[in-house]
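*Asks:* Spelled out, the chains give:
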Amino acid sequence: MVNSGTPQHLVVVGGGMVAQRLVEALRARDDAGRYRVTVFAEEPRAPYDRVGLTRWFSEGVDGIALGDPDLWADPLVTLHTDRGIESIDRAARTVTDRLGHVHAYDELVLATGSSAAMPPIPGNDLPGVFVYRTLDDVAALRGWVEEKRRGFPAGKPVRGAVIGGGLLGLEAAGALTALGAQATVIEFGTHLMGVQVDLGGGQALRRLINAQGIGVRTETATSQMRPHRRTGHVGRLDFADGGRLDVDVVVVATGVRPRDELARAAGLPVGERGGAVVDLTCRTEDPHVWAVGEVACIEGRCIGLVAPGNTMAEVVVDRLLGGEAEFPGADTATKLKLSGVDVASFGDAHARTEDAVEVVWADPVAGVYKKLVLSDDARTLLGGVFVGDAAPYASLRPMLGAELPGDDPSAFLLPEGGGGAPGLELPDEANVCSCNGVSAGTIRGAVTEHACTDVPGVKACTRAGTTCGACLPLVKKLVDTELERAGIEVSTALCEHFAMSRAQLFDAVRVADLHSFSEIVDRFGTEAVVDDGGTAKGRGCDICKPVVASILASLGNGHILAGEQSTLQDTNDHMLANLQKDGTYSVVPRMPGGEVTPEGLIVVGEVARDFGLYTKITGGQRIDMFGARVEQLPDIWRRLVDAGFESGHAYGKSLRTVKSCVGSTWCRYGVQDSVGMAVELELRYRGLRSPHKLKMGVSGCARECAEARGKDVGVIATDKGWNVYVGGNGGQTPRHAQLFAEDLTSEELLRTIDRFLMYYVRTADRLQRTAPWIEEVDGGLEGVRQVIMEDSLGICADLDAAMARHVENYEDEWKAVLEDPEKLRRFSSFVNAPKDADPSLAYVTERGQRRPATPAERAAGVVVAGPKLEVRA
Amino acid sequence: MTVHDVAQAPAATGAAGPARWERACLLSDLFPERGAAALFGDTQVALFRLPEERGYGSHGGRVYAVQNLDPFSGAHVLSRGIVGTRAGEPTVASPVYKQVFSLVTGRCLVLADKSPKDGYEPDLAVHEVEVRDGAVLVRLS
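As they're listed, the protein sequences go chains V and G. Heads up: the first sequence runs through residues 1 to 873, numbered per the UniProt record's numbering. Heads up: the second sequence runs through residues 1 to 141, numbered per the UniProt record's numbering.
Same shape as in the complex, but just chain V:
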């Protein structure tokens, strides 16, 4: 469709997860820019992951970040936060915001969501009674619990109760526990999570929840909340059965109510139990007004889950763009992980289908309950409940409504390794990622038609697994199967010379205690036919040789130019400088933490001037000097080393810089000495060879002026110590580092980073930065945390020792070269004219410095300086 002039204005009322999805979908599909969209959010922030609110305690706002923040920077997208809409004028097609501003719309989408329902229990307005819906609710809850604890004598626990034992109630109980409070869940019904789980599952769940230290009372109605005599805060719950519970905080999580007041006031029909009534296209009675998410009353009811809301958002976008999509019915599958307790259910969990057959596998001791609901012939899958072990959920849920293979459906419920379930061949239409509505067919298509060859590629292409990630194991299985089918070998081989991945080769070299490429290729290399008809191990290539060089360097094998090792180095490592486009190199002395003395700066300036080098400040807070010829490098470095500089390893797949802000030594806001820490880190890890370059940053306070979260390892000062973030990078695929550990002492910080780096060095793939590496580690970031913080693999002592060796054996590579005539011999321009400059070099002056001449400038003869620019050595 062609953009016919001015875009139409789409107004979205509400700034929740579904609103975000709607805008994402629109911007992804509306190539022609037919719509500009304005979102009015009541909360003072961009949409966040409401489903993952509990993560806010451990990871802060980044833990609940949703999607790509660049979405809001799109010129066709406007987000107004803290700007609720007060009224709709359907006749004039305008909305009025809380500031009284009137905004015209062509199409209007209501995405106002729900509010937490407050049951009419006397005392529900006492201080200390909370609901659990928004970030502000959660923040207030935390503030209250912390305030209470401060007022209590040491050791006295804060006692919490959660009224409501559904999904949200259990989340809230988990949140209380995470805040260090006691928690008791009060449920009116017969068992926990009554909507999703049957009685048997609910009982298993209760045991597991109890095992987390959370109390549970079922079949209990709360009749009154009573104030504490002295404080007037909520102090006691009275139950209908005469029981009582002393409390310091209460969270009410008994359900939600659609925020349909705007729809009502605008005269739009609402459902019996609330919600703006829409048809299967999500359109209200007014052809220009739509409703999506929890506020939409679709097929006669409102649905309080995000996945169906996302589906509605996609339907509206499709319709706005002229499509024919209809809401396919709600996928009410649910999977919850609450402090280690897996609960999942899908389809007809309560076996309400006529003549349905239930197959149950239960292990009360382990707290495991699994049930399949099948059609009367025990073949077609109608639903399932999983408590304590949700492993079968990911592969079974997409089979909903399909026939299960094999004769014995109970095989799917047996524990992993207990005979094994028959291989599942998912139908193409099976919904694999319910968050984003991605089918098995779409994932297969990503491999067969869009040439994706791995899970990250498929994620980027289809969005599968990008929200909650629960389906990723299944996505991986589908991708691997499809690659295999397409004859694409899922090979981790480095190249034709080694059938192993970098991590495998690293271990092999370490265990076999090998110290040269020849030994390694003889032992682990692949045979090739050579021209005399025989076979032999190959002699490597530009892929495997630098990998072996990096492995040997990490395992401590002396100078990188020593002996045969020198033949493995990429030209940057071989010349200990960075190759530029014209064949000259750039030189970067280390300036730890970005700190440099005036004397040092003068020397750098003099060297650059005397050798005619172009100088530029790098993004890593140091100085790069360009245009150095091979034969000049030793002379340049001799002067730098004499002035106290050392190699900056800008050329290596190794630690580059530790960027820092000025920190508490100068800054009015700094709470720790960030420069001091950056210098310490840079000196500790300098020269560490790794699978890819490594960057680090240290900020002296939460203002984050060092942009540490854009680094592989970012350190941010807190008033109690240091928070460490991992897995950030800039570049083509920018990533924010994720919180890894909080409030560490300097010593703990070093130990954590030591282990993180060494584990990465040993197990990452070639040219894999930390972010994708973390994704591939079993268990992701949490998996890395377990290895490093809890020593789950029992390798921490080994990692510590390896890093200690690195620190001890560090030497300045350039100083060592200058002291060794044999190594210096490599820095000859020509073997028959060692000091002659490459005659093909040509430069022009621009902004007071020289740069390589372009082909056109060479042809036109405007070149002002050849390679033999006068040098004052």
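Source of the hints: derived by calculation from the structure; they are not laboratory data. Given the structure is predicted, the values throughout are model-derived calculations rather than measurements. Don't be surprised by glycine CBs; every beta carbon is placed ideally from N, CA and C. One should not assume that every hint holds.
As the list claims (entries may be wrong) - Restricting the straight-line Cα-Cα distance to at most 25 Å, the calculated cross-link-like pairs of lysine to any residue (SDA-like) are:
1) Lys117/G - Gly304/V
2) Lys98/G - Pro839/V
3) Lys835/V - Ser28/G
4) Lys114/G - Ala859/V
5) Lys581/V - Lys98/G
6) Lys98/G - Lys335/V
7) Lys581/V - Thr597/V
8) Lys114/G - Lys335/V
9) Lys476/V - Thr332/V
10) Lys815/V - Ala528/V
11) Lys335/V - Ile617/V
Claimed, not checked - Far from chain G by the CB rule (all over 12 Å, computed), these chain V residues:
12) Arg34
13) Arg55
14) Asp125
15) Thr190
16) Gly200
17) Gly540
18) Ser840
Stated by the list, open to error - Between beta-carbon pairs, the in silico distance windows are:
19) Glu299/V - Ala112/G: 52 to 58 Å
20) Arg703/V - Leu109/G: 48 to 54 Å
21) Asp798/V - Ser141/G: 57 to 63 Å
22) Leu109/G - Asp407/V: 31 to 37 Å
Fit chain G to the known structure of chain V by using the hints.
*Replies:* Chain G only, in chain V's frame:
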């Protein structure tokens, strides 16, 4: 050390026609499995001394020479590439954009999604090399 016997080896210098043989260096000046550039007037040649490893087949122990100009970047840098093998064939990889060339035939074996700069062919010119009395001689045309 195997000497690369050139069957029809002409005299080192003073041969008839445009081709001539030039002395580049001593064999011992060359690091095995690493390149070195040699300059003859304005002509730059990249020399590669292969070690006597079985992986190089009959090429082991010999010296090969190709143009030093990298046709994909326009820089004279091929002597600084990584030496190795592809399916038994001795190769050098451009240090700039990683194209791989046969040291024996000069053919570009891996284009790495690039095309040569305007006016250049992807394949390299090769030069005959002779090692005589410990000296490396290169035939220029």
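*Asks:* Next step is simple, just say for each hint if it's right about the structure.
*Replies:* Evaluated hints:
1. Lys117/G - Gly304/V: violated (60 Å)
2. Lys98/G - Pro839/V: This hinted pair holds, its Cα atoms lying about 23 Å apart.
3. Lys835/V - Ser28/G: Measuring from Cα to Cα gives roughly 19 Å; hence the hint holds.
4. Lys114/G - Ala859/V: holds (24 Å)
5. Lys581/V - Lys98/G: holds (13 Å)
6. Lys98/G - Lys335/V: Judged against 25 Å, a Cα distance of about 47 Å means the pair is violated.
7. Lys581/V - Thr597/V: violated (31 Å)
8. Lys114/G - Lys335/V: This hinted pair is violated, its Cα atoms lying about 48 Å apart.
9. Lys476/V - Thr332/V: Satisfied, since the Cα-Cα distance of roughly 23 Å is no more than 25 Å.
10. Lys815/V - Ala528/V: With Cα atoms ~40 Å apart, lysine 815/V and alanine 528/V exceed 25 Å; violated.
11. Lys335/V - Ile617/V: Distance ~50 Å between lysine 335/V and isoleucine 617/V Cα, so the pair is violated.
12. Arg34: holds (35 Å)
13. Arg55: Arginine 55/V clear of chain G: closest Cβ-Cβ about 41 Å, beyond 12 Å.
14. Asp125: For aspartate 125/V, whose nearest Cβ neighbour in chain G is about 67 Å away, the distance exceeds 12 Å, so it holds.
15. Thr190: The assertion about threonine 190/V holds, with a minimum of 64 Å to chain G.
16. Gly200: Given a closest Cβ separation of 58 Å, the condition holds.
17. Gly540: Since the minimum Cβ distance to chain G is about 4 Å, glycine 540/V lies within 12 Å and the statement is violated.
18. Ser840: violated (5 Å)
19. Glu299/V - Ala112/G: 52 to 58 Å: Since the Cβ atoms of glutamate 299/V and alanine 112/G sit about 55 Å apart, the hinted range of 52 to 58 Å holds.
20. Arg703/V - Leu109/G: 48 to 54 Å: holds (53 Å)
21. Asp798/V - Ser141/G: 57 to 63 Å: holds (58 Å)
22. Leu109/G - Asp407/V: 31 to 37 Å: The hinted range 31 to 37 Å is violated for leucine 109/G and aspartate 407/V, with Cβ atoms some 54 Å apart.
Hint compliance for this structure: hints 1, 6, 7, 8, 10, 11, 17, 18 and 22 are not met, and every other hint is.
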